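**Q** Chain E is fixed; fit chains Y and R onto it per the hints.
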Amino acid sequence: METFLYKLFYDTGALIDGWHAAANAAGAARGWPPLVVDILFQLGWAVAAALFLALNALFIIWFERKVAAKMQLRRGPNRVGPFGLLQTLADTGKLLIKEDIIPTAADRPVFRAAPFVVLAATVLLFVVLPFGKGLIPADLNIGVVYFLAISGISVIGILSGGWASNNKYSLMGGMRSAAQIVSYEVPGVLVVLSVAMLAGSLKMGDIVRAQPSYGYALLQPVGFILFLIASNAEINRGPFDLPEADSELVSGFVTEYSAMRFAFFFLAEYTNLFLAGAFATTLFLGGWRGPLLPPVVWFLLKSYIVVFVLIWIRWTFPRLRVDHLMEFSWKVLLPLALLNLLVTAVLVKVL
Amino acid sequence: MRDTADILAAIRSRFPRVENRPVDPAPSLVVEPEKLREHLLFLRDQLSFHHLVFLTALDRPAESELELVYRLFSYESRLSVMVRFRVPRDAGRVPTVSDLFRTAEWHERETAELFGLEFTGHPDPRRLLLPDDLEGYPLRKDFTHPNMPRLPEVTST
Amino acid sequence: MSDPTTPTGGRASPATAQASAGTSDEFLLNVGPQHPATHGVLRVVVTMDGEVVKDLQPHLGYVHRGLEKLFENRTYEQIIPFTDRTDYLSAIANNWAYVMAVEKLLGMEVPKKVEYIRVLMAELNRINSHLLWLAAYGLDMGAFTPFLYAFRDREEINTMIEEASGGRLTTNYFRIGGFIHDLPPAFFPRLKKFLGRFGRAVDELDTLLVENAIFVARTRGVGIISRERAISYGMSGPCLRASDAPLDLRREAPYSIYGSLEFEIPAGRNGDTWDRSWVRIEEMRQSLRILRQAMDGFPEGEHRVRAPRNIEPPAGEVYSAVEGPRGEVGFYVVSDGTRKPYRVKMRKPSFSNFSALPEIMRGLKIADLVAVMGSLDLVVPEIDR
Numbered sequence: 001m002e003t004f005l006y007k008l009f010y011d012t013g014a015l016i017d018g019w020h021a022a023a024n025a026a027g028a029a030r031g032w033p034p035l036v037v038d039i040l041f042q043l044g045w046a047v048a049a050a051l052f053l054a055l056n057a058l059f060i061i062w063f064e065r066k067v068a069a070k071m072q073l074r075r076g077p078n079r080v081g082p083f084g085l086l087q088t089l090a091d092t093g094k095l096l097i098k099e100d101i102i103p104t105a106a107d108r109p110v111f112r113a114a115p116f117v118v119l120a121a122t123v124l125l126f127v128v129l130p131f132g133k134g135l136i137p138a139d140l141n142i143g144v145v146y147f148l149a150i151s152g153i154s155v156i157g158i159l160s161g162g163w164a165s166n167n168k169y170s171l172m173g174g175m176r177s178a179a180q181i182v183s184y185e186v187p188g189v190l191v192v193l194s195v196a197m198l199a200g201s202l203k204m205g206d207i208v209r210a211q212p213s214y215g216y217a218l219l220q221p222v223g224f225i226l227f228l229i230a231s232n233a234e235i236n237r238g239p240f241d242l243p244e245a246d247s248e249l250v251s252g253f254v255t256e257y258s259a260m261r262f263a264f265f266f267l268a269e270y271t272n273l274f275l276a277g278a279f280a281t282t283l284f285l286g287g288w289r290g291p292l293l294p295p296v297v298w299f300l301l302k303s304y305i306v307v308f309v310l311i312w313i314r315w316t317f318p319r320l321r322v323d324h325l326m327e328f329s330w331k332v333l334l335p336l337a338l339l340n341l342l343v344t345a346v347l348v349k350v351l
Numbered sequence: 001m002r003d004t005a006d007i008l009a010a011i012r013s014r015f016p017r018v019e020n021r022p023v024d025p026a027p028s029l030v031v032e033p034e035k036l037r038e039h040l041l042f043l044r045d046q047l048s049f050h051h052l053v054f055l056t057a058l059d060r061p062a063e064s065e066l067e068l069v070y071r072l073f074s075y076e077s078r079l080s081v082m083v084r085f086r087v088p089r090d091a092g093r094v095p096t097v098s099d100l101f102r103t104a105e106w107h108e109r110e111t112a113e114l115f116g117l118e119f120t121g122h123p124d125p126r127r128l129l130l131p132d133d134l135e136g137y138p139l140r141k142d143f144t145h146p147n148m149p150r151l152p153e154v155t156s157t
Numbered sequence: 001m002s003d004p005t006t007p008t009g010g011r012a013s014p015a016t017a018q019a020s021a022g023t024s025d026e027f028l029l030n031v032g033p034q035h036p037a038t039h040g041v042l043r044v045v046v047t048m049d050g051e052v053v054k055d056l057q058p059h060l061g062y063v064h065r066g067l068e069k070l071f072e073n074r075t076y077e078q079i080i081p082f083t084d085r086t087d088y089l090s091a092i093a094n095n096w097a098y099v100m101a102v103e104k105l106l107g108m109e110v111p112k113k114v115e116y117i118r119v120l121m122a123e124l125n126r127i128n129s130h131l132l133w134l135a136a137y138g139l140d141m142g143a144f145t146p147f148l149y150a151f152r153d154r155e156e157i158n159t160m161i162e163e164a165s166g167g168r169l170t171t172n173y174f175r176i177g178g179f180i181h182d183l184p185p186a187f188f189p190r191l192k193k194f195l196g197r198f199g200r201a202v203d204e205l206d207t208l209l210v211e212n213a214i215f216v217a218r219t220r221g222v223g224i225i226s227r228e229r230a231i232s233y234g235m236s237g238p239c240l241r242a243s244d245a246p247l248d249l250r251r252e253a254p255y256s257i258y259g260s261l262e263f264e265i266p267a268g269r270n271g272d273t274w275d276r277s278w279v280r281i282e283e284m285r286q287s288l289r290i291l292r293q294a295m296d297g298f299p300e301g302e303h304r305v306r307a308p309r310n311i312e313p314p315a316g317e318v319y320s321a322v323e324g325p326r327g328e329v330g331f332y333v334v335s336d337g338t339r340k341p342y343r344v345k346m347r348k349p350s351f352s353n354f355s356a357l358p359e360i361m362r363g364l365k366i367a368d369l370v371a372v373m374g375s376l377d378l379v380v381p382e383i384d385r
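Residue numbers (the numbering used here), protein chains in the order written: chain E, 1 to 351; chain Y, 1 to 157; chain R, 1 to 385.
Chain E on its own, in the form it takes in the complex (with noise of 0.2 angstroms):
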C-alpha cells in the first residue's frame, strides 16, 4: 500500500520528508550548502501556510456567517457564488479599494505596524500545528510552550493599535482587550499544563500520539470546558467581545481603522478562531487520529468542529460585562484550573 496517492493522502509528512531528502542530496551534489536547500522547503512551507490561511479565512467567515443564519431562521450569504461561498472574497474586495484613513494626530508608524503585529502572531502560531501524522512544519521540543508565548504577542499589537489611534476609547478599548487576554490566558495554560502532564511531553505530535483513540477531552473533562472557554476570551468572540462592542458605546480598539488595516485585523481574528479549534482538537481530540480518513482530513474536520461550537455559543449569548469578565477568570477559572492540575498530578503518580 506503499503507492504515491496512498502516501500524499495517509502519510504526507513522510513523503515531504522524502522530497526533503532527496532535495538535500541533489543540493549537496550540486555543492550547495544544505541550508540552502532547508531555507528553500521553509519557504514552501510558507508558501502553503500562507495560501492555506486564506482559503481558511475566507471558509470560516462564509461558515460564521452560514451557521449564524441558521440558527436565526435565516439565509445567510447566498447569491454571491454558490451557497454564497464567494461572499468573503466580495467583502475583501470592497476592504481593499476602501480610503485608508489614518487619523492627523495618530502615531503613524504604530498605527501601520499594529495590525501587522497582530497578525503576525497568529501566523507564527501555524508553526506547531500538527495538521497530520508528520505534517507539521516544525515539531518543536516546546511546542506548547510556543504556541502559549506567541499568543501572547497579539496583545502589543492590540495595544498599540488602541494607543496609536490618539482616541480616547480606543485606547481604553485596547486595555480592555489585554486585561482580558492576560487573565484568560492564566487558567488556558494551568489546563494546557495538565495536559502535557498526561502525555508527558511538551511537543505537539508525542501529545497527539499519546492520546487514547478518544481524545484526552474524556479523561480531561473539565480542563476542556476550561480550555474552550479561556480560548473564546483569548480570540475577544463570544460572549467575551466587549473590548470590540459596546465597550463606551465605542468599537473599542479598532475603531479608528478602516479598509485593509482593519482588514487584517479581522482577518487576525478569524484565523485566531480556527487557531483555537486546531489547538483544542490537538490537545483534547486526538488531533489527526482517526479510522479511515486521511490525517489532514480528521484534524480539518475536528477542528470545524470546534470552531462550530464556538460560533454557536457567540450567537447565543449576550455579552459578559467586563468587571463580570475578569471575575469570572480569576475567581472561577483559576481555581478550578488549579484543581483540575492538582488532580491531574495526582493521578498520574498514583496511576
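Some clues are possibly wrong.
The list that follows gives simulated cross-link-like pairs (lysine-lysine, DSS-like), each with its CA atoms no further than 27 angstroms apart [what the hints assert, rightly or not]:
#1 168(E) to 54(R)
#2 141(Y) to 104(R)
#3 193(R) to 70(E)
#4 192(R) to 112(R)
Calculated directly from the structure, the hints in this document are not laboratory data.
Only a predicted model underlies this, so the values are computations on that prediction, with no experimental measurement involved.
**A** Below, chains Y and R alone, put in the same frame as chain E:
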C-alpha cells in the same frame, strides 16, 4: 385606609371651591396659587394622592389668563381629583411642586416653555422640548410663526 | 456587533468625548442623538468620574412635532391617525385612550362586541410591543438571536392586525363609536393558532435571554428604584410594577371589559433591571390569558355605533387613560363645543419613566447605562410629542 365617602368629605371640608366639570367624574378643586403647595401636600400625605398624573395649562385669552390644571390619582382609594387655578397671562408665576412630586419637574418645564409662565423655585428651569432659539409660546392661542400655515377651515363634508 | 465587512461593525456613529469638566477625573460623555441602541432620537450627556456616573442630563426635543398644537386645528376624527404616531409600538393603546375620551365627551356607549375587539387588539399590541422590547434589549446586551426569534412571532401578530386594520404598525384602526369594518373571517383561526404556539415561544425567549446567567448577572441588582420614588416620578407600567407595586390601570381604574376578565398583575420584588424584564415576560403570558378569554367570550353584535357625521361634543373636559405596554397612556381632552378640540394634553408613560433615569443612574457605572435605558422601554416620539 379611608373609604371614598370619608375622602370626599375631607376634601369638601378643606377646599372651599369644589366643582364638577362636565364630563369628568373627578372633582375639580379650585385653589389660590399661593396655597398650591400646602394643598397638594395635604392631598398627597393625608389623602394618599401620591400619583401626579399630569400637570398642564389651558390658554384663556378672553380673560387674559392661563388656567393651570393638576390631576392627581390615589392608588389606595382609586379616586382622582383635578386641582386648578388661574394666573395672569403675562408674567404668570406659580410655585413649583417638583420637590413634592418628582414627576412635576419635567411637566413644569414643558408647561413653562409652551405657555410662557414661571415656576418659582424650580431646580432646573431650562427648556425641555423646544429649541433654544424659538421665540414665543407655541401653545398659546395667538402664537404664530412664519413656518406655520393655517389649514383651510373645515366645512361640512 | 462585529460584522467584519464594515469598519464600525455596522453601528451608527460612535459617542464622542468632550473636554474635561469640573474636577480632574470628571469628563462628559455625549450619548446620541444618533445612538447604537434603537430607542429613538435621544441625547444624554453623562458626567462621569472615571467609570462612575455622577450626573446625567437628558436633552430632548429632537422629535418634537408640536402635536398638541396641531390637534387644536384638526377635527376629532382627524386626530386619530396622529395618535398612532406618538408611540408607534403601541398604536392601539394610543388610539383607544383618545377614542375613549371622545366617546365619554359625547356620552356614547359602544356595543359589547366593540369592547371585545378593542381588548383583543390591545393585548395583541401589548405582546407585539414587548416582543420588540425584548429583541432590541437583547441586541443592546450582545445577544443577537432573540431579535430574530421575537420578530418571527411579531410577524404572526402583524399579519392578524394588518388583516383587520390595514396597517402593521400604525394601525389607525379605532374610530369614535367602534370600527369601520368587523374583524375579517380569518382572524379567529389565526388567533387560535397563535395562542396554541405562542406560550412555548415565550418560554423559549425567556430561557434564551431573561433567564440566561450572563443576562441575570448584568441586570440583577442594577438600576434599582424604590416604590415610593417610582410613584413620585410618575412611573407606570412594567417600570413601576417591577418595584413591588402591582398597580395596573386595568385593575386600579378598570375600563372596557377588563373588570370581568381574569388575569394577574406580575410585580417584581427589587425594582431592578432584571425585575423590569421579568415583568414584561410575565405580562406576555397574562396577555395570552386575556386573549383566550376574549376569544372564548366573543359576543355577537354590531361593530360600531353610528356616530354623527360631524363630531361636535358639548363643552366639557375628560381624562381617559388606558394601560399601554409602557404604562399609563392618557388623553386629557377639553372641548369647547366646536368640531375641533380646545386642548388635547397627551399623558405619555415614557415621559415620566425617562425622568427617573438621572436618579437611577447616579452612582452606577457607565457600562450599566445601556442595560438600564433598555429596561425602561422608552419610545422617544412619545416623550417629545
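**Q** Would you list, in rising numerical order, the hints stated earlier that this structure does not obey?
**A** none
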